[in-house]
Amino acid sequence: MSTVSWRGASESGDYLVDWSKRVKPTKTVPAVQGTVVSPDISSTSYVSPDVSCNLSDSILDNITTDNLSSSSISEGTVAQPRGVGRSLGSLGEKLQDWKPPSVKKWSHAGVVERCSGCSALEQQVAQLSNQLQASFSRSHVAVPVAAAVHAMCTGQPYALHCYRSLSDKRELLAAALRASHTSTIIAVLVFCRNTLSRQLFLQELQSSAVAAQSYLGYLKQRRQYREAMELLQDLGRHEEAALLRYRQCLAITDHAKKTAALRTLTSSSLSSPALTHYKTLINDQIDLLERQKSIDEEDSKSSSNALFKEYPRASSVYDKPLLTTLYYCAMYHWTNSGSHCAPAAFRSAYRLTERQFLWAVVRGRARVKHYFLPEQLPTLLTTRTGGMLGSLSGALSAVSSSLAGAPRPSLPLDRLLDALHAASAPHAVLAAYLSLVEPRELRLRLAQHYDVRSAVVEALVALKDKAGLQRYMEQLPPGSAEYVKADAALKTGRWK
Amino acid sequence: MQHPPYRVMSGMSGHCDKIVSGVDVWMLRELGCRSLVCCLEELPGKKDLIIDASLMKFLDRLSQAATLREHDVEKIFRLEQVPPSGQCAQRMYMVRSIPDSVKFIAEHLNHHQQELKQEQLQYQQKSQNQQQSHRVPISRILVVCVPSITYSVECQLEEEGLAGGGLVSLHSFCPGFVPLDDDLLTLEMPNFFRDAFVEGDFSSCAGIGQSLHLLCSLFGAPQRLLSHGRAAHAVITSFQRLRSDIDESHHSTKTKSQIGHLFILDRDADLVTPLLTQLTYEGSIDEHYGIHAGVVELPENLNPDANKPSASKIMLNSKDSIFASVRHKHFAGVAGVLVRRAKEIQTRKEESKKMTPAQMKEFVAFDLKQLQAQQNSISLHLSICEAITKATRRDFDVQLTTEHGLVTGATAASEAKTYFEDCCARQLPLSSCLRLLCLLSLTQSNGLSLKEYESLTSQLVAACGHKHILTLFDLRQVGLLNVSDSASMDQPQSSAMRGLRQAASNLMSKGQFAAWRSLTKFLKLIPDAEELIDLHNPSHLSYVFNGAYTPAIVQLVSQCLTDGLQSISDALKLIPGSTTSFGWSGDATLLPPVVVVLVCGGVTFAELAAFRLLGLRTGKRIIVATTGTTSGNKLMNSIANGS
Numbered sequence: 026m027s028t029v030s031w032r033g034a035s036e037s038g039d040y041l042v043d044w045s046k047r048v049k050p051t052k053t054v055p056a057v058q059g060t061v062v063s064p065d066i067s068s069t070s071y072v073s074p075d076v077s078c079n080l081s082d083s084i085l086d087n088i089t090t091d092n093l094s095s096s097s098i099s100e101g102t103v104a105q106p107r108g109v110g111r112s113l114g115s116l117g118e119k120l121q122d123w124k125p126p127s128v129k130k131w132s133h134a135g136v137v138e139r140c141s142g143c144s145a146l147e148q149q150v151a152q153l154s155n156q157l158q159a160s161f162s163r164s165h166v167a168v169p170v171a172a173a174v175h176a177m178c179t180g181q182p183y184a185l186h187c188y189r190s191l192s193d194k195r196e197l198l199a200a201a202l203r204a205s206h207t208s209t210i211i212a213v214l215v216f217c218r219n220t221l222s223r224q225l226f227l228q229e230l231q232s233s234a235v236a237a238q239s240y241l242g243y244l245k246q247r248r249q250y251r252e253a254m255e256l257l258q259d260l261g262r263h264e265e266a267a268l269l270r271y272r273q274c275l276a277i278t279d280h281a282k283k284t285a286a287l288r289t290l291t292s293s294s295l296s297s298p299a300l301t302h303y304k305t306l307i308n309d310q311i312d313l314l315e316r317q318k319s320i321d322e323e324d325s326k327s328s329s330n331a332l333f334k335e336y337p338r339a340s341s342v343y344d345k346p347l348l349t350t351l352y353y354c355a356m357y358h359w360t361n362s363g364s365h366c367a368p369a370a371f372r373s374a375y376r377l378t379e380r381q382f383l384w385a386v387v388r389g390r391a392r393v394k395h396y397f398l399p400e401q402l403p404t405l406l407t408t409r410t411g412g413m414l415g416s417l418s419g420a421l422s423a424v425s426s427s428l429a430g431a432p433r434p435s436l437p438l439d440r441l442l443d444a445l446h447a448a449s450a451p452h453a454v455l456a457a458y459l460s461l462v463e464p465r466e467l468r469l470r471l472a473q474h475y476d477v478r479s480a481v482v483e484a485l486v487a488l489k490d491k492a493g494l495q496r497y498m499e500q501l502p503p504g505s506a507e508y509v510k511a512d513a514a515l516k517t518g519r520w521k
Numbered sequence: 003m004q005h006p007p008y009r010v011m012s013g014m015s016g017h018c019d020k021i022v023s024g025v026d027v028w029m030l031r032e033l034g035c036r037s038l039v040c041c042l043e044e045l046p047g048k049k050d051l052i053i054d055a056s057l058m059k060f061l062d063r064l065s066q067a068a069t070l071r072e073h074d075v076e077k078i079f080r081l082e083q084v085p086p087s088g089q090c091a092q093r094m095y096m097v098r099s100i101p102d103s104v105k106f107i108a109e110h111l112n113h114h115q116q117e118l119k120q121e122q123l124q125y126q127q128k129s130q131n132q133q134q135s136h137r138v139p140i141s142r143i144l145v146v147c148v149p150s151i152t153y154s155v156e157c158q159l160e161e162e163g164l165a166g167g168g169l170v171s172l173h174s175f176c177p178g179f180v181p182l183d184d185d186l187l188t189l190e191m192p193n194f195f196r197d198a199f200v201e202g203d204f205s206s207c208a209g210i211g212q213s214l215h216l217l218c219s220l221f222g223a224p225q226r227l228l229s230h231g232r233a234a235h236a237v238i239t240s241f242q243r244l245r246s247d248i249d250e251s252h253h254s255t256k257t258k259s260q261i262g263h264l265f266i267l268d269r270d271a272d273l274v275t276p277l278l279t280q281l282t283y284e285g286s287i288d289e290h291y292g293i294h295a296g297v298v299e300l301p302e303n304l305n306p307d308a309n310k311p312s313a314s315k316i317m318l319n320s321k322d323s324i325f326a327s328v329r330h331k332h333f334a335g336v337a338g339v340l341v342r343r344a345k346e347i348q349t350r351k352e353e354s355k356k357m358t359p360a361q362m363k364e365f366v367a368f369d370l371k372q373l374q375a376q377q378n379s380i381s382l383h384l385s386i387c388e389a390i391t392k393a394t395r396r397d398f399d400v401q402l403t404t405e406h407g408l409v410t411g412a413t414a415a416s417e418a419k420t421y422f423e424d425c426c427a428r429q430l431p432l433s434s435c436l437r438l439l440c441l442l443s444l445t446q447s448n449g450l451s452l453k454e455y456e457s458l459t460s461q462l463v464a465a466c467g468h469k470h471i472l473t474l475f476d477l478r479q480v481g482l483l484n485v486s487d488s489a490s491m492d493q494p495q496s497s498a499m500r501g502l503r504q505a506a507s508n509l510m511s512k513g514q515f516a517a518w519r520s521l522t523k524f525l526k527l528i529p530d531a532e533e534l535i536d537l538h539n540p541s542h543l544s545y546v547f548n549g550a551y552t553p554a555i556v557q558l559v560s561q562c563l564t565d566g567l568q569s570i571s572d573a574l575k576l577i578p579g580s581t582t583s584f585g586w587s588g589d590a591t592l593l594p595p596v597v598v599v600l601v602c603g604g605v606t607f608a609e610l611a612a613f614r615l616l617g618l619r620t621g622k623r624i625i626v627a628t629t630g631t632t633s634g635n636k637l638m639n640s641i642a643n644g645s
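Here the protein sequences line up with chains A and B, keeping their order. Here the first sequence is numbered in this note's numbering, starting from 26 and rising by one per residue. Here the second sequence is numbered in this note's numbering, starting from 3 and rising by one per residue.
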């Protein structure tokens, strides 16, 4: 057998092929082959072109076949102390496994006479193995905790597996927390999780809020939600655990699955009395989703409703906020009294305040050019049938409530006017609201701003501003209703 | 190493013709650009560049596409789930250090390899003479993590089976601060506030520390330092780690210090300021249109170039002398100033008609172009003023009265609650409702009671959607939403109710609710009602909020500069986080007159205006460095979108 330089990759490659040719036909040693060449070794170290593996191959070959001066090995290790360190470590293990059979095999294969100084070689093998083991353990000596954390913070290579005692781990975590370097804290915590019992790991997290928060953040970033939820439960942070679960329910797109998941959530995670607020809200949400689904299904089919032609739907109402849904129903389903999509049904189902209900209804109706007069607003609240406007009972109750001095609809007039003006309400409607505005100076200003002429005239009359009225009359087209009105007021009114 | 006074060539940046106090911040841009080039050369040869969307604006301020092309970048893509269509064998991804970016990259790679396989199959099946432009197998991918490689990114890469092996490698790139103006440096980390103060993830602080170190390697280490806050602590630890490493390696070389004071503070030292509506001109632009990395995108109708009717992007900085003169003014006075300037220019132009031909020649050569540019700028800003006034809601005065009344205590909580309910019922934008709710809770001495909290939040979710249950919880975590837990002290939820901020605070929970009120007293944040605050020729820092409130961070710096560190020690105890300080014993008059204020989590334009006034008042040059300019809307949206 020729001597082969173990450094030449291609040569050693050729040699490998050669070697396998030689071994395979010898069927006399199948058992040896089976035990020696474990599958991963055969695939990685003999076929792979990886440099380090080749190196290990070549060294082995040289050990068993040829007299190799120990100086060349030490040369190799000295030349590349850092990079080769790891491969030597694994090489040490391989050596342990391989030495006896391979030595046996080669001695059986009839190279005995070439290997005359057998005991010398064995000595050499032992020596080398010791050397390798020493270098292996050198890299496994724990460096001081501070140095390890510094290396982690500055992005240098590090190894944590040598910190095996619990106190070591605690020190490591404390040092990482002192460095307040989140990435390092997480690396240490992941190491702790992998090497400590759950109970001990939890103790560590409980002792430091920053550690717990960092680790939870890591789990969320890595989308390991299940573990994050379990951890939150174990840490006694039930509210957060429930909300994390809620977050995942929201990500479900299928309606049936989503509502089912939300139902399980309310019955299981939110059963604690401290979380009733969430339970109420999420129950409302489930109810709303069901309602929206059925509204959406009906409306996407129905072609009878003329409103859909005049005001095409911008989008599906599904998964929209509650008030948006009410606005939508006020637009399209005003007359469907008694059904699940009637605006009045919303008010009772979701315990809406007067303000919430009125704003949504007024805005929704104004969108389809249906404007309420101020005196109609209270009727919206009292009619139970949902929008039977001008019904006698409603009007009567409105009158009686206003007589009894009940507060006016709780909507601020300036904002109401703005909303109606934006929805291009006719001047008569705006004038009705303007007449309620106090003080009169503000009424005049608003009337001028929205250019409601009759209201300007009325405000000027109310302010007893004769000169102002005369000036304003000059802008009005003679003969118009406002002109006539102003003219009449100038003639009949009592002026300062 | 000593740096000579450095002057940016006017052709290169166009900014800063004068050198103020030796510190030329535009050098940082140069430096950042160079390290970007180094980063590009890590992957020699032709490559496609895929950039995270949140980094694009930042890179744009740092460099130009031409520079990228000079360094063999073929095509530039935005990082999305959809794989890029580039044809290069090499790819460079420039991403934030989050696992999701790695996931995208792994998906892109898988997609590419599958396509490659399919194409090969087709190629084999079809006739050989068909020349198809088939894909090149990817030979190398360099993933550039900004600002540093984190453990979770390494883990994700390993899990995707891409670690080692030589195909994909990680590289970190810390560009440092990028100047947006002579006195404003940014890192453009739009997610920092959420990551740090909601999630408790301070991993970006290492990058901030590194950027600070870069700044100090140019302008010298600060002679006095004050840092307070959780993020600030992480930043200063990282900064000192880097400095000690350098000191060990180079004993002799030290840059002469040009920075007198360095303040590092967290956004959560003052959460009230972003909740208040900004009233300076620049602040109003930010509230209405949003300024991102110094650029505002104006709607079509405001485009100064009438020929191209499309949304226009305007760079807002003091290069535009007209804008520089009005940016920090109270909005109410801006139009007046602009009109006056327009008249001045008009008279100068009219004067030119009486000029002799020689004078005229000079005028046309030097002044005319400048006057023309100023006139254009005036008309642009006048139209912006007009548009903002038009877009302001009818109840703006009610809103302002409520905000300022809550801060000064003039408005009763019940009144503010009614206004909030009205805003919800009218379905105003989420951020407006949330700002008001948070302001209400912070200014009450005990926060909101549990009952109030439940009633107000159910009205909010009715208007904005139930999913914002999550947003509300996150707001409590940050400490933007204070809920009194006296009723439920013994219940398990109480710890969560208090939120992260209070868990990290130095005080016990009992006193914590009164913290903001006490802070206003210690720092004198609320001017006396009798004190007359001139809004248009301001001398008081509170002019930015109509004289109702002085931004706490600015006041903290102001008091510390004039009365020393001791004067604010009581106030610092009320702010969560720990304090680090050094160098406060010596004589202050010998210090260089440059003050750097680093605000982790974003700074508002109202605060920038107040800092500018403080600089004028103290005769110091105040440079504000930050993770990005922010506003109440940006904060609220970053919290709501993450939820």
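Rather than coming from a laboratory, the hints here were simulated on the basis of the structure. Hints may contain errors.
To be verified - If we take Cβ atoms under 7 angstroms as the criterion, some of the chain B residues that face chain A in the derived model are:
hint: 1; residue: P101
hint: 2; residue: G222
hint: 3; residue: H235
hint: 4; residue: Q429
hint: 5; residue: K453
hint: 6; residue: E454
hint: 7; residue: E456
The structure presented is a predicted model; accordingly, all values stated were derived computationally and were not measured. All residues carry an ideal CB built from backbone N, CA and C; glycine is no exception.
We went through each hint and held it up to the structure:
no., hint, verdict
1, P101, "holds, 5 angstroms"
2, G222, "violated, 23 angstroms"
3, H235, "holds, 6 angstroms"
4, Q429, "holds, 6 angstroms"
5, K453, "violated, 10 angstroms"
6, E454, "violated, 12 angstroms"
7, E456, "holds, 5 angstroms"
Hint compliance for this structure: hints 2, 5 and 6 are broken, all remaining hints hold.
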